[in-house]
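These protein sequence lines map, in sequence, to chains A and B.
Under our numbering, think of the first position of the first sequence as 1, with each following residue one higher.
Under our numbering, think of the first position of the second sequence as 1, with each following residue one higher.
FYI, nobody ran anything at the bench for these hints, they're computed from the structure.
Bear in mind the structure is a predicted one, so any value in this text is a computation, not a measurement.
Note that the Cβ used here is the ideal one computed from N, Cα and C, for glycine as well.
A portion of the hints provided could be inaccurate.
[What the hints assert, rightly or not] Some chain A residues near chain B, calculated using beta-carbon distances under 8 angstroms: (1) 39; (2) 46; (3) 83; (4) 150; (5) 163.
2 protein chains.
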Amino acid sequence: MNDEKYIGVFDSGIGGLTVVKSIMDIMPDENIVYYGDTAHVPYGNRSKGQIINYVNDDILFLQKFNLKAIVIACNTADSIAREYAENKFDLPFFGVVEPASAEAAITTRNGKIGVIATNATVNSRAYENAIGRINKELTVISKACPLLVPLVENNRFKKNDSVIETVLNEYLEPLKAEKIDTLVLGCTHYPLLYDLISDIMPGTKIISSSVVAANALKKGMIELGLYGGNVSAQRKFYVSDNPELFGSKASTFLGSDMKVSVKHISEID
Amino acid sequence: MNDEKYIGVFDSGIGGLTVVKSIMDIMPDENIVYYGDTAHVPYGNRSKGQIINYVNDDILFLQKFNLKAIVIACNTADSIAREYAENKFDLPFFGVVEPASAEAAITTRNGKIGVIATNATVNSRAYENAIGRINKELTVISKACPLLVPLVENNRFKKNDSVIETVLNEYLEPLKAEKIDTLVLGCTHYPLLYDLISDIMPGTKIISSSVVAANALKKGMIELGLYGGNVSAQRKFYVSDNPELFGSKASTFLGSDMKVSVKHISEID
């Protein structure tokens, strides 16, 4: 029986809620406990050692709950600290990089895959490595986009906003020039930019790491005998700083009018 | 004798180097040890309690050196944690908010002062309080500008960049509408935007908290008998994460070609 057990999901901040949304869509009966490390957001410009420290603390916090699996809902954390986490903690881990890489590899027709992500994810070469393990013939062109997270966090992801459109055009220009036919949104903030990116890159297949991560999680949980929900699914949301600010933005990321009760980690119940 | 003693300067990240530049300009013989808490940058969107925790750790680190004074070279930290720091630590503290407030109060002719700053600084009402203590008749209009720090950090502070110009115009519009005649740059990142802001607000007196903070520091040190440099001034730079990234950006903020040797806090010598 997996009743009462939770899927633990963590991210540096609020972006991982796009993964939670996808999990709730396809596994509405699963308990979820979410942890956003908002005292240390953003992870994407930090060093490898620092990111590992933060991920270690994120997992230690989630372990206060009765978990059946952990989802690293942050491309930066998954890129940098996945191996560390699997070696240290005795829990099944699911991430975002491998599912998105697998989807990109079967989607591309011309063998040219673009990846947009944070500085840390790009520098880690996690997508190049994951896609290379699937098919060495594929070409991966990565582009670090350090301004997209702050722009999305400040609500600038709507059409006809010249600021986000200008920045996106600049970031995507070299990927267009390379004639990629598949683009991975390698950061869990980026699903909110899906429509804008589609307009800039018509004809390019766009893969959201958040959506494919939820699908891979379901498949993996079924394989491990962990799938199976509860009479009424529980959703808990914790952050390391500023629960009010997080709560006010959460529905944007969850894509719903769902009222989210967010607590500080000191208020664990 | 104050020989060998250091002025300790800290900020959440790299912005405080604009204060260091001003200190080096007017007090070239003083030893300076700088600490940028880059593992926790930015402070400007965090809660009061979290900012106080970080400031406490910043000061504990600087106290490993032989200090004669500490400069809080971050408007957010000075706004939120100055009182805490003065109560807890037995050192003379100098900040950025009070000098900029004093300068604004004697500069304005129409009594309308604008302040641009981070969310945390604006929410703290530190400028309203400091200017109100000087002259209750003055009106302070504050505007939180959360995108300016990430834009400056990503090198977007040059003329003819439509992104920074659009964002600045939006932020400054309500201050223009209120017909302010004096504008405080209430964040140590903002001196890099001085020329752009001057173009948008011709005729408005612009006060950089970084420049006036250095002047106030010198005056205060003379009064306390702390002023007096060394045969050859030492400058040390420490960060809590990513010394390479910090070093690559430092000369932009110091406004010089000075090569800066930056160490991680674990490498203290």
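Worksheet entry | Numbered hints the structure breaks, given as an ascending list | Number 3 - this is the single hint that the structure violates.
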